[in-house]
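K.L.:
The lines below spell out each chain.
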Amino acid sequence: MNTTIMLFLVQDGITNGAIYALLGLALVLVFAVTRVILIPQGEFVTYGALTYASLAAGQMPGTAKLALALGIGAFVFDLFVARKALHGRLIVRSLVTNVVLPAIVLALTIYFAAQKPPVAVCIALSLVIVAMIGLYLYRIAFQPLAHTSVLVLLIASVGVHLALQGLGLLFFGAEGQRGPAVLSGAFTAGALRFTGQSITVYAITIAFIVGLWLFFGLTLYGKALRATAVNRLGARLAGIRTTLSGQIAFLLASVIGALSGIMIVPITTLYYDSGFLIGLKGFVAAIIGGLVSYPLTAVAALVVGIVEAFSSFYASNYKEVIVFMLLIPVLLLRSLAAPAVEEEKD
Amino acid sequence: MQSRLPILIFALLMAAIPHLPGMPPFWIVLLDNIGLAALVAMGLVLLTGVGGLTSFGQAAFVGFGAYTTAVLSTSYGLSPWLTLPLSLLVSGSLAVLLGLVTVRLSGHYLPLGTLAWGLGLFYLFSKLEFLGRNDGISAIPPLSIGAFKMLSPGSIYYAIWVAVILSALLTMNLLDSRTGRAIRALRRGHVAAEAFGVHTPRAKLLVFIHAAVLAGLSGWLYAHLQRAVNPTPFGAQAGIEYLFIAVVGGAGYVWGGVLGAAIVVVLKEVLQSYLPLLLPGSGQVETIVFGIMLVALLQLAPGGVWPWLMSFLPERTSGKKPDTSLKLEQRTRSPAQSGVLLQVEKARKQFGGVIAVNNVSFDVQAREIVALIGPNGAGKSTTFNLITGVLSATSGSISVLGKKVDRAPPQEIVKLGISRTFQHVKLVPDMTVLENVAIGAHLRGHSGPISSMLRLDRADEAKLLAEAARQIERVGLAEQMHQLAGSLSLGQQRIVEIARALCVDPMLLLLDEPAAGLRHMEKQRLAALLRELRDGGMSVLLVEHDMGFVMNLADRIVVLDFGTKIAEGTPATIKTNPEVIKAYLGVAA
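Just so you know, the sequences run in chain order Y and E. Quick note on numbering: the first sequence equals residues 0 to 345 in numbering that gives the first Met the number 0. Quick note on numbering: the second sequence equals residues 0 to 588 in numbering that gives the first Met the number 0.
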């Protein structure tokens, strides 16, 4: 094999791997804070991507309406939970975050969709819409189950994934879509050609990794999130609102998912159900990282991306087999190295 | 465990259904599908609900079963009945391979790991030439008995439901046995089970194989029902759906699997056929509604539907008292047992920079009660863990009857006749007191999983339960024998742990804070029991904070402080030892 092909494959792998790294980070974050294994992460990717592509094509994305519908649902849940001690401030705050906000965004979306908005507006709207969906989903589907076992949360997560995927088909149809490049232009260095898009992918991934690292290391919210991850009850006793931690985790995860989607949709055609597989490859990286380590997850994601690129070149039929089977030797190593940890469940 | 009558009625009912006049053939198809899903879900009940091992990969095992029979009965012309054992063998042996890799991982690695290999295998099914790639394999011969070919859904119906009911019976038999108790203890962590000789990785592998074989059986039936296979029903979505069936039904209950299968299959069918009429338009509306209903169901009944239904039935607390005249073999003890039973020499345990136990030496003689005391964090429980093999010492040696046991795992230590209780009670809360205590006698029984399933273990089982019942009576909890261990007070649970440790027929009993949470009278009864055990020839090493209790009971006391032994002697000398007083009160008196 010649060096040029190898370099191309490595470059391709790193671009994909950067996306998997972002998704892997989000999965680790959500799992650590809420114990939810976030299967709908893939839907955040497709929703972000297809909302962006629809807006750029001058179409009205159904996701904006979904955000409002979920927001109303979240508002009802809030009222129901607080029904014994309703007071004005609480109602107003819940109304603003859950109903007024998505209503404004919906209005903006309707306004802009009609006139083919610039790329920046499309990105901003897509991110806000998906972020709200993530936030309200946590409120409706997961917050009431926060005390249950990982298994129950996992099954709920599957339910949310199914519903979102079905809605995705309803909103975007069975046809695949592509979006405009976030950053056009390209330059060559030696045999390699770097597009503005791939540079954006690298930059955003690095920015997020550094950002998360700073957030968790330096800010009070970041520390509260880490405390919740280690011990929910302890965190509550220390005055941390664990529901807030969960909301922040879901908010971050949905923003990361949507951003990943916006970054890939100019490179590959995405369908309403593409997210599942993309998300799962982020999972593979997250598992290799042990669901706890951010740097390890990022490195593992790059490895997954490169293995995928090489196997799609040499054995494209077995691409997925190879990527998912990659996990078996990793698990084997982990099981040999795994210390005898006592777990008490329930 | 349960009476067989409801199962018999259920079997008769299922046998009668196809003969009901006016039964739409379509319903029979649905029942076939329910049966197939129930088989897989039943395996998951054991694996996930009982054993605590979550698997998303079961659909792959269904695939192994289906493809094995498809290839062998088409390309090689084997009779489907011959391929049945081969299908089960293939799923079972692949379960061994995958299981060896995955079951040692617990917690969240396991579900994700199984999801990943489930997906990988799905793509493998759809790419391999000899499995027909995406098109799969068709023209699979039907099951036949003589000239009778099971071509219609109505005729294979019996094969499916016989398989379901037999599998349910075998699975329930397995759960209600020596092996079953070991499996049911898995979910609560492995330390307690291993302290009584359960080889936990082997027990996990066993449930993994059991679940895979049930899935393989379902696959074999599926192949001969459809008479064609393709990769689609063995993908990740299907794997997720099986797990979901088990959780909806009630993941800890064999019949929950069957009920869950019925609920999910019927719900999907209803949604698929009626929703498009209500909401015409594009899209998979049924998937959306299905997903939403799933989340709603979990929010309303997180434990599943079966236990929720069962809670309406009158509670049955009275179990049959085991026949205590049956005796287990006793450990052979040398009659003139005197001298050193346990010798701890310069035992040291470091966790990173922390020295939890610092070159501690002491011994326990035969027929002696030794107390290990010291302020919190003195290293008492760590010393217990070193002796019982839960932790291995950084340096120093521990010997039992002159034999070194430094590196021995807990399962070997308990064989030597050393049994223990735990500072933090480690019982299985949803098992009865009797069943919990019987785990203590694990090593004194011999029946394996196969004989348990076939009920050939009853003689062995009766002796185990008799021993357990005897020990429960001995500690004075005969009234609570059939209650769930989780429903007892913490003090009583500690006493149950003592009964469980006594079931080992130990020479040395290690008790970690046995009197904590007991009332005054209960403490006196416990002290009397321990004296009686000593007089019967047993030695006791106990950690305890209640000084009154210790001083009145112990023959000798060893005092630890910050991991170091600071004193040793009779209660009278310890009481006046200035070092000890300083350690407890902070000043020299």
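Be careful, since some hints might not be right.
[Claimed, not checked] Restricting the straight-line Cα-Cα distance to at most 30 Å, the calculated cross-link-like pairs of lysine-lysine (BS3-like) are:
1. E:Lys425 / E:Lys267
2. E:Lys462 / E:Lys414
3. Y:Lys64 / E:Lys126
4. E:Lys126 / E:Lys320
5. Y:Lys318 / E:Lys126
6. E:Lys403 / E:Lys345
In short, the hints are calculated from the structure, not lab data.
K.L.:
For every hint, state whether the structure bears it out.
P.N.:
Going through the hints against the structure:
Of the pairs offered as hints, the one joining Lys425 of chain E and Lys267 of chain E is violated, with about 41 Å between alpha carbons and a cut-off of 30 Å exceeded. For the hint linking Lys462 of chain E to Lys414 of chain E, the alpha-carbon distance of about 19 Å falls within 30 Å, and the restraint holds. Between Lys64 of chain Y and Lys126 of chain E, the direct Cα distance comes to roughly 40 Å. Violation of the 30 Å bound is thereby established for this hinted pair. Of the supplied pair hints, the one linking Lys126 of chain E and Lys320 of chain E is violated, its CA atoms being roughly 58 Å apart against a limit of 30 Å.
As the CA atoms of Lys318 of chain Y and Lys126 of chain E are separated by approximately 10 Å, the hinted pair is consistent with the 30 Å bound. Between Lys403 of chain E and Lys345 of chain E the CA atoms are separated by roughly 13 Å; this keeps the pair inside 30 Å, and the hint holds.
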